[in-house]
Amino acid sequence: MADIAARGPAAVTGDSRSGLHKLMQRKSTIAFLMALPLIVLILSLVAYPAGYAIYLAMLNKGMTRFVGLGNFDFLFGRETFWMVVYQSCLFAITAVIFKAIIGFVVAHFVHNIPSKGQRKWRGMLLVPWVIPPAMSTLAWLWLFDPSYSAFNWILANFGIDRVPWLGETGWARFSVILVNVWIGAPFFMIMYLAALKSVPEQLYEAASIDGATWWQRIWYVTLPMMRNIIAITALFSLIVTFANFDIVRVLTKGDPLNTTHVFATWAFRVGIESGDIPLGSAVSLFMVPILAVAATFILRDISKRGSEV
Amino acid sequence: MVSRKVSRRRFVAGTTAVSTALVAAPFVRGAYAAGKLTLGLWDHWVPGANKTSEALIREWADKEKVEVTIDYITSQGNKLLLTIAAEAQAKSGHDMLSMAHWLPARYPDQLVAMNDIVEPLIKQNGAPNGTVEYLGKVNGKWLGVPCTIGSQIKGPCSRIDLMKQHAGIDVQAMYPVGAPPKADGWTLDAFLKAAEACQKANHPFGIGLGTTSDSVDTAGAFFHSFGAELVNAKGDITVKSDNVRKALDYCKRLTGFLPEDAPSWDDASNNKWLVSGRGALIMNPPSAWAVAKRDAPKVAEQCWSHGFPSGPAGRFAPYIPFFWNVWTFSKNASAAKSLLVHLSSRTSAEKLVVASGGYDLPAWEKFTDFKTWAEEAPPKGTLYHYPNPYNHQKLSIAASPAPHKIAEQIYTQGIMPQMIVRHHKGEAMEKTLDWASREIEGFMRN
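Chains as they are written, first to last, in the working numbering: chain X, 162 to 470; chain D, 465 to 910.
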């Protein structure tokens with residue numbers, strides 16, 4: 162105490178200045194400051210809306226009083242809601258599986274194209290992914306149009322009966338999944354292609370020397386080397402597909418008989434169109450636990466493999 | 465520190481001098497002395513219609529010295545609906561917004577009462593129809609002023625030739641130009657027979673059964689024609705009534721004569737159906753006819769807008785009104801009201817109707833006789849009966865007379881068309897009614 166008093170206020174100020182200087186020179190401080198704009202952006206555009214959605218989901222329909230988990234409790238008793246849960250899972254899981262398979266196959270084709278012409282093919286195959294989905298879905302709507310479907314016109318020329326692409330539950334679900342696969346498969350293709358390019362050629366050479374067939378090369382070399390990228394891509398796509406809005410909204414608006422609604426379109430119907438914003442928020446938040454469970458399993462698997470390596 | 469004491473004599477002298485200077489100064493009226501007003505109006509699909517409304521507003525603004533900003537907001541992609549919802553949440557935005565059907569009643573406490581201008585307007589222009597009052601007046605408070613722009617009847621628009629040829633019905637004789645309708649025989653039974661005949665001739669009636677507005681409006685009018693209410697005015701669920709059963713049975717039979725893909729139709733499908741020449745009848749305001757005039761003139765020449773068929777409970781036409789509404793957070797509500805009085809005059813309403821090619825319908829009783837409807841062509845007089853000039857049908861909205869918060873959900877979630885499709889696909893009547901009851905029970909929460 163006496164020592165501090167002897168040094169006086171000037172010495173204390175000098176210390177704090179050098180402390181601040183040291184703090185500013187730390188890598189973690191610089192990293193934090195550089196990341197600060199992004200943190201602010203995420204807080205304002207992600208954390209605040211998410212928190213506000215949770216708050217809204219806990220209000221009554223008139224938004225005048227707090228009802229806790231009442232809206233979720235109400236949803237659990239609605240058959241339409243469970244139909245939407247089923248459809249969202251069907252839509253997302255089926256679409257992700259097909260996108261992964263198609264992406265994997267096409268990535269192999271592109272990988273085997275001589276590098277001179279590969280860029281052209283890569284560019285062309287990415288087109289569905291880079292067109293704004295609302296626009297490309299509109300083109301699909303015309304192809305599936307209830308009365309003037311181009312597909313049906315072609316089928317009719319071959320003497321095949323017209324298909325109610327958007328008019329019957331089974332076909333309508335097929336159509337929305339098909340469009341999602343068409344839009345999303347190029348993303349898988351490009352990710353898998355990048356992963357394929359990073360697999361060391363020596364592994365394939367060694368496998369060939371051991372007499373491995375093409376299937377064994379894929380099973381024992383390619384797939385293990387791509388597992389992490391496959392898992393991350395699938396998780397990312399699952400999240401985006403679960404949250405999809407535009408495809409269903411443009412193609413079917415949830416019809417026929419609400420059998421193509423997914424969480425986002427149903428939340429819009431309930432919250433914005435029907436004026437029940439708290440219930441709409443509750444519907445949209447229902448995606449969170451489903452995706453959290455999927456993310457936990459997939460990321461745990463990835464980190465487990467990472468620690469094994 | 466220098467201290468300066470102000471004496472009473474000095475204070476009086478000073479304030480008197482300032483007051484004299486202020487009183488003597490000349491009054492300079494600024495260009496926008498009466499303040500600012502921001503308007504969010506429905507973006508009309510008819511080319512040039514926005515220009516007319518803008519000219520009317522500018523005319524008023526110049527006279528009243530108000531600085532007006534107009535945003536024309538499209539209803540495509542629900543942009544207008546989203547704007548309204550966002551402004552209601554933020555309690556900030558335009559002073560005045562156009563709102564369709566259920567929206568004013570969604571925000572009763574956030575809208576300025578308009579009784580002081582609507583009541584004199586009623587004396588001047590005649591009473592608005594019952595549906596306008598049901599939607600726009602809540603607990604004695606007018607939540608908005610009935611708006612000409614966008615208000616529409618979605619009655620039948622028939623093909624003169626196809627109806628005559630296949631169903632033996634002369635729609636022009638039934639709804640003659642310049643004379644009251646001779647439509648006693650235009651009943652739901654006649655409609656069903658005509659639908660069957662046209663379907664056999666490969667020109668089915670184009671009525672959608674999706675969950676978008678056109679499908680819901682038509683289904684609602686059929687239900688009203690049987691006196692079928694899903695929820696009554698008191699808020700009791702009345703799904704399991706004989707009238708609902710009769711309406712559902714009728715609609716099921718009618719669905720058999722509609723295009724197979726009607727359950728997936730949206731609001732554009734019926735327009736395309738008529739314009740393509742395939743349909744003998746659709747339920748729509750004259751927008752489809754207007755598009756046909758541009759894209760398929762031969763089809764347009766054969767179109768005739770007329771009344772809805774009558775049922776056991778009367779003749780009901782699907783009707784969608786718009787309102788002009790002022791938020792309570794508006795800082796210039798008095799200027800907005802002055803503008804609304806200007807826009808609700810007979811001269812303004814007629815200009816708006818002319819600009820929209822007869823599409824827009826003023827809600828006021830005395831405003832159904834503008835020349836446009838008699839003169840629009842081809843064929844001349846095609847829109848004569850569109851504004852219901854002889855009041856021979858009741859303008860209605862689906863799900864009425866249920867309390868607004870319940871009716872809005874029945875409407876937006878398309879409960880009636882869904883009931884029809886379910887029953888048509890083979891679901892037993894009672895099972896369909898059970899489903900509808902359960903859905904509506906969910907709409908009762910507060």
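Simulated from the structure, these hints should not be mistaken for laboratory data. Keep in mind the model is a prediction, meaning the values are calculated, not measured. Just so you know, not all the hints are guaranteed correct.
As the list claims (entries may be wrong) - Just so you have them, the derived chain X footprint on chain D, three or more residues with Cβ under 8 Å: (1) 540-548; (2) 578-584; (3) 592-606; (4) 881-889.
Note that the Cβ used here is the ideal one computed from N, Cα and C, for glycine as well.
We went through each hint and held it up to the structure:
no.: 1; hint: 540-548; verdict: holds (count 3)
no.: 2; hint: 578-584; verdict: violated (count 0)
no.: 3; hint: 592-606; verdict: violated (count 0)
no.: 4; hint: 881-889; verdict: holds (count 3)
Consistency with the previously given hints fails for numbers 2, 3, ordered from lowest to highest.
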